[in-house]
Amino acid sequence: MDRDERRTLGRRAADRLLGTASGLVERARMRAQKLAEQGDTRPSVVTDVLLMESQHAVYVQLHQRFTEKASRGEGGLEQALEALDAMWDSIRQLRGSAPAVLLTLSNVHEQVQHRRARFYEESTGLLEDAIRAVFAADLGQLAVPPARMAMLVRVALEGLVVELAQARTAEDVAEVDQAYADLRALFARFVLTPGPSVEMISLEPIPLPW
Amino acid sequence: MRYQRVHIEAIAYALPPIEVTTLSLERMLGPLLRRLGLADGVLEALTGVAARRFWPDGFLNSDAATLAARTLVERHGLPACGVQALVSTSVGKDYLEPPIASLVAGDLGLGADCLNFDVGHACLGFMTGMTAVANLIELGQIDAALVVAGEGSRTVTQGTLRRLLQPGVDFRTFSEHLATLTLGSMAVAALLVHERHATVGHRLLGGATRASPRHSRLCLGTANEMKTEAATLLRAGVDLAEGTYAAALAELGLSTEKIAEFALHQVGRANHDALTQRLGLPPDRALRLYAEYGNVGAAGVPFTLASAVERGRVRDGDLALLCGIGSGLNCTMLGVQW
Numbered sequence: 055m056d057r058d059e060r061r062t063l064g065r066r067a068a069d070r071l072l073g074t075a076s077g078l079v080e081r082a083r084m085r086a087q088k089l090a091e092q093g094d095t096r097p098s099v100v101t102d103v104l105l106m107e108s109q110h111a112v113y114v115q116l117h118q119r120f121t122e123k124a125s126r127g128e129g130g131l132e133q134a135l136e137a138l139d140a141m142w143d144s145i146r147q148l149r150g151s152a153p154a155v156l157l158t159l160s161n162v163h164e165q166v167q168h169r170r171a172r173f174y175e176e177s178t179g180l181l182e183d184a185i186r187a188v189f190a191a192d193l194g195q196l197a198v199p200p201a202r203m204a205m206l207v208r209v210a211l212e213g214l215v216v217e218l219a220q221a222r223t224a225e226d227v228a229e230v231d232q233a234y235a236d237l238r239a240l241f242a243r244f245v246l247t248p249g250p251s252v253e254m255i256s257l258e259p260i261p262l263p264w
Numbered sequence: 009m010r011y012q013r014v015h016i017e018a019i020a021y022a023l024p025p026i027e028v029t030t031l032s033l034e035r036m037l038g039p040l041l042r043r044l045g046l047a048d049g050v051l052e053a054l055t056g057v058a059a060r061r062f063w064p065d066g067f068l069n070s071d072a073a074t075l076a077a078r079t080l081v082e083r084h085g086l087p088a089c090g091v092q093a094l095v096s097t098s099v100g101k102d103y104l105e106p107p108i109a110s111l112v113a114g115d116l117g118l119g120a121d122c123l124n125f126d127v128g129h130a131c132l133g134f135m136t137g138m139t140a141v142a143n144l145i146e147l148g149q150i151d152a153a154l155v156v157a158g159e160g161s162r163t164v165t166q167g168t169l170r171r172l173l174q175p176g177v178d179f180r181t182f183s184e185h186l187a188t189l190t191l192g193s194m195a196v197a198a199l200l201v202h203e204r205h206a207t208v209g210h211r212l213l214g215g216a217t218r219a220s221p222r223h224s225r226l227c228l229g230t231a232n233e234m235k236t237e238a239a240t241l242l243r244a245g246v247d248l249a250e251g252t253y254a255a256a257l258a259e260l261g262l263s264t265e266k267i268a269e270f271a272l273h274q275v276g277r278a279n280h281d282a283l284t285q286r287l288g289l290p291p292d293r294a295l296r297l298y299a300e301y302g303n304v305g306a307a308g309v310p311f312t313l314a315s316a317v318e319r320g321r322v323r324d325g326d327l328a329l330l331c332g333i334g335s336g337l338n339c340t341m342l343g344v345q346w
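First to last, the sequence lines map onto chains A and B.
Quick note: the first sequence uses the numbering used here, first residue 55, plus one each step.
Quick note: the second sequence uses the numbering used here, first residue 9, plus one each step.
Please keep in mind that the hints were generated in silico from the structure rather than gathered at the bench.
Take these hints with a grain of salt, some might be off.
As the list claims (entries may be wrong) - Here are the in silico distance ranges between beta carbons for each label pair:
1) B:S263 x A:R172: 47 to 53 Å
2) A:L159 x B:K266: 34 to 40 Å
3) B:A239 x A:E212: 26 to 32 Å
4) A:A201 x B:E265: 55 to 61 Å
5) A:Q195 x B:R35: 43 to 49 Å
6) B:L31 x A:A242: 30 to 36 Å
7) B:P25 x A:Q195: 35 to 41 Å
8) B:K235 x A:D226: 26 to 32 Å
9) B:P175 x A:A242: 28 to 34 Å
10) B:T230 x A:E212: 45 to 51 Å
11) A:D143 x B:E250: 51 to 57 Å
This structure is a prediction, so every number in the text was calculated from the model and none was measured.
Just so you know, even glycine gets a beta-carbon here, dropped at the ideal spot from N, CA and C.
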């Protein structure tokens, strides 16, 4: 199996997962919203948790795909951009569910909050690990350390989800797509730096044993 | 704990001849640091330690302790009453047996009337050794004693470098072993005497000691490596020091304002800052030596006192407080009127 075939298979798997999740979430959310209007908030808890589980599954799948590629020597900026595109694809596929995602992010139910905190922790960890793998040969040139790079990517993508949720027209969606394209271009230009990394500027003294 | 009759007659140290900069260690670790994405200067930036010293290859802890003791004797001589105890206090050991104190006593040609033994109390060893012989002096059992510490960090540093250069070392492993790369080498000796044999007026006043054995497994060191939970250890150490400081001030009837110099155990920037801030110590009265010498174990506190005296920071009659913290976790603070 050549490289393009593997890429196509990987994308198809993610697409299937996302397509299923997106449809499920949309339908469940609609039902949950109707019930919530009648005073029953339990279904929204279930759908919110389901949504995060499905998104987490997508991240796990993407992480596996790109770390495997990195382990075969397919790393560097090109792969990082492909991974970023894959994550953006997954968000775009959930476009219909973007408002539901916003509701999930703002749900104050304790169970959802707990799962949301775990989702953030796990997904940022996967991102960091993938960044370390993809940039294994260039870690010394990363503009910020992998953990903070993961946080940046997460924050940027989450911001795009919020924008997507508010997009009403095709023009609105095109603006969000352009924002992603600009973000991607900036990432490509600045993710690796020949000078001292940001880490060197903000290093804090660490505790040592007595 | 108060002493009425114990004086520090002399203190001397011996510097190892080989200086090893942190930058040179980074060069050796270059492949690992690049793989982990850590830029040049990261070790010094994180720890505040710019250099440490090594003894020549094969130079033992007992050789170092003997060298410091000989330096003291050459500069100050021994009292006419002789020395009735020699205590070695280094963290590092040459052998399981005999004790380093026996080796040093043999090197110095001390006689049958000189008790010798090792104190094992991690980085707090020297101060515990001082307390042990001060008790004997105060009780009238002996007139004079030598306390020595000869620390060598060459073997453990080299072992750590080899370990870190193995394939597959990740960031977590690097972090766990980082502290070992801050260790330095040094030798110190102090002569404590009964007041009737004192020729200078440097009194050991007493102090306080506190323990926190529930934190005993936060730093596990062997001859080849040291693994630590440094952040927890720092917090626990500072907590313990805070209680010890209050107890020492109360015991000695002192206040922060009255103390000219705080001779702290030398570890690194974060520990030094945390300790001075929590205890409210004026930073300009707590000499920092870790940058040039690293963590020199049990030799750290007496070396700091000796350096402060050399630099004129502690003058005759000044009050100094020796502040030691050691794995275990134990803390002792001793007042000295120089």
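Requested in this report: Kindly confirm whether 45 to 51 Å is satisfied by the beta carbon distance between T230 of chain B and E212 of chain A.
Outcome: holds (46 Å)
Query raised in the report: Do the beta carbons of L159 of chain A and K266 of chain B sit within 34 to 40 Å of each other?
Result: violated (58 Å)
Query - Satisfaction of the hinted span 35 to 41 Å by the C-beta atoms belonging to P25 of chain B and Q195 of chain A - result: Cβ of P25 of chain B to Cβ of Q195 of chain A: about 39 Å, so the range 35 to 41 Å holds.
**Report entry** CB-CB spacing for E212 of chain A and A239 of chain B relative to the 26 to 32 Å hint
**Finding:** Holds, at about 29 Å.
Query raised in the report: Within 26 to 32 Å or not, the Cβ separation of K235 of chain B and D226 of chain A?
Result: At roughly 55 Å between Cβ atoms, D226 of chain A and K235 of chain B fall outside 26 to 32 Å, so the hint is violated.
Query - Verdict for D143 of chain A, E250 of chain B (Cβ pair) under range 51 to 57 Å - result: holds (55 Å)
Query raised in the report: Cβ-Cβ distance between Q195 of chain A and R35 of chain B: within 43 to 49 Å?
Result: Given range 43 to 49 Å: violated, Cβ gap about 18 Å.
Requested in this report: Using the Cβ atoms, figure out if S263 of chain B sits within 47 to 53 Å of R172 of chain A.
Outcome: holds (50 Å)
Query raised in the report: A201 of chain A and E265 of chain B, beta-carbon distance inside 55 to 61 Å?
Result: violated (44 Å)
Report task. Indicate whether the distance between the beta carbons of L31 of chain B and A242 of chain A respects the range 30 to 36 Å. Result -> holds (33 Å)
Report task. Please test the hint of 28 to 34 Å on the beta carbon pair from P175 of chain B and A242 of chain A. Result -> holds (31 Å)
Hints 2, 4, 5, 8, counting from the list given before, are not met by this structure.
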